[in-house]
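These are the residues of each chain, in order.
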Amino acid sequence: METFTRFLLLICFCRHTIYINGIRFPSFEGGTYPPTDRPHLLLSVCLILNTLRRTDYLRLRFSPHIVDIVCALASGRWSLSVSPLSSHSQSSVVGCVGSVLLVVLEKGIDHIANPNSSFRLGVRFCPFLTGDISGYIHYRMVGLSVGEKHFIQGGIAQDLRTDGRKRLTYRPIFVETGVIAQANGSARVKMGRTEVIASVKAELGRPSSSAPDKGKVSIYIDCSPTAAPQFEGRGGEELSMELSAALRQCLLGGKSGAGAGINLSSLSIVDGKVCWDLYIDGLVISMDGNVLDALGAAIKAALSNTGIPKVNVASAASSDEQPEVDVSDEEFLQFDTTAVPVIITLTKIGRHYIVDATSEEESQMSSAVSVSINRQGLICGLTKRGGAGLDPSVILDMISVAKHVSEQLMDKLDSEIAAAEAMEEES
Amino acid sequence: MEYVSPEGLRLDGRRPMEMRQLRAEIGAVSGADGSAIFEMGNTKVIAAVYGPREVQHRSQLNNDKALIRCEYTMANFSTGDRTRKPKGDRRSTEISLVIRQTMEACILTHLMPRSQIDIFVQVLQADGGTRSACINAATLALADAGIPMRDLVTSCSSGYLNSTPLLDLNYVEDSAGGPDVTVGILPKLDKVTLLQMDAKLPMDIFENVMQLATEGCKAVANYIREVLIQNTKQLENRHADQLSLSLFRKLLLYGFCSWRIIKFLEKDVEEET
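Chains A and B supply the protein sequences, listed in that same order.
With this note's numbering, the residue at position 262 of the first sequence is 262, and numbering never jumps.
With this note's numbering, the residue at position 197 of the second sequence is 197, and numbering never jumps.
If you are wondering where the hints come from, they were derived from the structure by calculation, not from laboratory data.
Keep in mind that the hints are not guaranteed to be accurate.
Just a few of them, taken from the derived set where beta-carbon distance is under 8 Å, the chain B residues facing chain A [what the hints assert, rightly or not]:
| hint | residue |
| --- | --- |
| 1 | 48 |
| 2 | 50 |
| 3 | 77 |
| 4 | 237 |
If the Cβ cut is set under 10 Å, some of the chain B residues that face chain A in the computed set are [to be verified]:
| hint | residue |
| --- | --- |
| 5 | 58 |
| 6 | 60 |
| 7 | 80 |
Pulled from the structure, derived: some chain B residues nowhere near chain A, Cβ distances all over 10 Å [claimed, not checked]:
| hint | residue |
| --- | --- |
| 8 | 47 |
| 9 | 73 |
| 10 | 94 |
| 11 | 124 |
| 12 | 127 |
| 13 | 230 |
C-beta atoms are modelled at their ideal positions from N, C-alpha and C, and glycine is treated no differently.
Let's have the full structure, built from the sequences with the hints guiding it.
Pasting the structure below:
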């Protein structure tokens with residue numbers, strides 16, 4: 001009962017200017033109150049406010065974010081649809097919302113603070129209305145609200161992002177190698193909530209006539225529908241193509257294979273006759289921004305996990321014949337990955353640029369530059385995405401920053417890969 | 001070819017009635033409402049569930065029950081020889097349909113009218129029994145998403161080679177040309193929801209083979225139940241931790257507030273004097 005009175009109080013509260021922790025509630029200015037013909041919306045706003053008070057969320061740095069959710073609900077950024085079981089009567093709708101938000105009270109706001117996800121709770125009880133009302137409520141984020149955009153941009157300007165990171169800090173990286181038993185090498189890389197798998201398969205093939213002394217490497221990326229429902233069917237193809245092309249540019253160099261980050265000469269077996277074809281397949285399993293860097297890291301880890309079978313070449317009689325090769329089942333050569341670059345994506349938001357953007361931050365980007373840099377600090381490839389133009393001096397500045405960041409990332413990644421391989425050997 | 005040695009061992013060293021090692025992990029895809037990885041030996045699949053949410057296409061909206069959709073995809077690297085298959089080929093469409101129908105039978109769709117539930121299954125490694133592994137993964141993911149179900153659905157396959165019924169066929173045994181019986185059951189209700197077989201088999205032997213697969217399903221169900229209980233316990237512990245943490249925060253807040261008030265008052269007093 002106590003909660004209900006709180007709600008009522010808050011409804012009264014809502015009708016006036018709202019202050020939270022002494023800060024005026026921005027979106028309610030200018031008469032953008034929740035429309036009164038949608039009482040459930042009003043109620044839910046109030047209830048979320050109530051939640052905030054309960055969970056002490058207002059004291060955290062995230063608070064404007066949460067405030068935003070409330071604004072968003074009011075401004076229609078979140079759509080709210082109610083499907084009560086029995087009827088559409090007003091009381092049941094209100095009851096549903098009420099009890100859902102009671103669940104929110106219990107579970108904390110984390111669940112709904114999660115963007116791009118649908119928020120859903122089963123309702124089984126409704127303490128302040130008579131009888132049982134069961135139904136489902138879906139909250140869906142439509143996009144970022146104005147206040148939230150400001151919050152993200154403001155945080156970046158102040159070098160403190162929504163998750164507490166600085167501009168040039170990566171999320172924690174986790175590497176697991178040998179996840180695909182059938183491949184020659186494989187790795188799974190997690191960066192925050194972004195998760196990708198890369199696998200390397202080696203097959204014997206013929207080198208191309210333009211580069212007889214080099215092997216071939218092809219990179220294909222797939223976006224699994226598990227990462228986001230919009231990748232269902234052919235929905236993920238466009239992004240997959242974009243990522244594959246960017247990775248090819250960053251790792252494989254030009255058409256001739258010159259200047260490639262991966263040493264293609266080491267894949268040659270007999271000049272002009274036999275070489276190794278490396279098929280690198282990437283799969284995006286879970287997506288929360290910065291997929292390209294994660295894929296780059298996963299490919300590096302997978303390559304260092306790759307064992308290429310040792311090949312004995314029977315001396316060919318004449319130069320025209322295809323030499324016979326004998327692929328060993330037991331002896332494997334470790335692929336040399338010291339030269340494989342890492343990819344650093346700098347995302348420009350406002351006047352600043354950040355590394356390892358989350359999908360929320362990516363939605364605010366004006367443009368992004370992905371640079372692949374190897375151990376020696378050489379640039380192996382570069383791609384720019386996003387519509388806005390960049391000043392040439394800014395690009396140079398970004399590259400030098402990327403070079404600096406790449407050293408840290410390379411060290412971190414190398415130690416993670418070593419740890420993962422030690423783990424794999426143990427098990 | 002000899003699939004069962006005279007000592008009664010199969011190609012991968014298992015006994016005829018032995019299952020491959022099971023492994024499951026809940027919550028592999030953080031963006032999804034529910035997700036799980038399920039492994040049966042070398043077969044490894046990920047399932048992600050999105051929903052219940054608004055129906056994407058209005059024409060599919062159903063006024064008295066939820067719409068269930070399923071998509072099955074295979075990773076390029078999932079099979080032995082690397083192939084790039086176009087999306088939505090016949091085989092994956094058929095398996096999507098099988099998974100959808102099986103899951104539809106156990107989800108209490110009437111509780112979620114006018115909503116949609118998407119089940120996405122991604123095969124990471126295929127070594128026989130992907131169908132079963134997908135169903136098991138989907139069950140776990142649905143449970144993780146908190147979607148009301150009649151019962152868990154579990155699935156397992158069995159076959160008949162060298163006059164021996166074999167449980168949980170791997171790829172080599174599956175492609176041997178013998179019958180492959182895939183069974184899906186609701187373990188608590190003891191009902192069969194999925195039954196598929198290719199090749200021919202005498203009636204009495206079929207009974208044995210199917211019985212074996214059903215036993216396999218029950219074993220899988222026990223394992224899945226255990227995984228779910230473990231997961232729930234972990235959640236419970238985390239909840240308890242959070243509770244104590246928020247209490248701590250409150251105490252800090254009160255402490256801080258009272259300190260601020262005292263400071264403020266002191267300042268007032270100073271200004272006055």
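Structure-based check of all given hints:
The restraint placing residue 48 (chain B) at the interface with chain A holds, with a minimum CB-CB distance near 4 Å, inside the 8 Å limit. Interface hint status for residue 50 (chain B): upheld, as the beta-carbon distance to the closest one in chain A is roughly 5 Å, under 8 Å. For residue 77 (chain B), the interface hint holds, since its Cβ comes within 8 Å of a Cβ in chain A; the closest pair sits about 4 Å apart. Annotation: interface hint on residue 237 (chain B) violated; nearest CB of chain A at approximately 15 Å, more than 8 Å.
Interface hint at residue 58 (chain B): violated, since its Cβ lies 13 Å from the closest Cβ of chain A, which is beyond the 10 Å cut-off. The closest approach between the C-beta of residue 60 (chain B) and any C-beta of chain A is roughly 13 Å, which is over the 10 Å cut-off, so the hint fails. Restraint check, residue 80 (chain B) versus chain A: the minimum CB separation of about 6 Å is within 10 Å; hint holds. Distance check on residue 47 (chain B): its Cβ comes as close as 7 Å (rounded) to a Cβ of chain A, failing to clear the 10 Å threshold; non-interface status is violated.
The claim that residue 73 (chain B) is not at the interface with chain A is violated, since a C-beta of that chain comes within 10 Å of its own (minimum 6 Å). Annotated as non-interface, residue 94 (chain B) keeps its C-beta farther than 10 Å from every C-beta of chain A; the closest such distance is 16 Å. The non-interface label for residue 124 (chain B) is inconsistent with chain A: the shortest C-beta to C-beta separation is roughly 7 Å, within 10 Å. At roughly 8 Å, the least C-beta separation between residue 127 (chain B) and chain A is not larger than 10 Å, which violates its mark as non-interface.
Every beta carbon of chain A lies more than 10 Å from that of residue 230 (chain B), the smallest distance being close to 20 Å; the non-interface claim holds.
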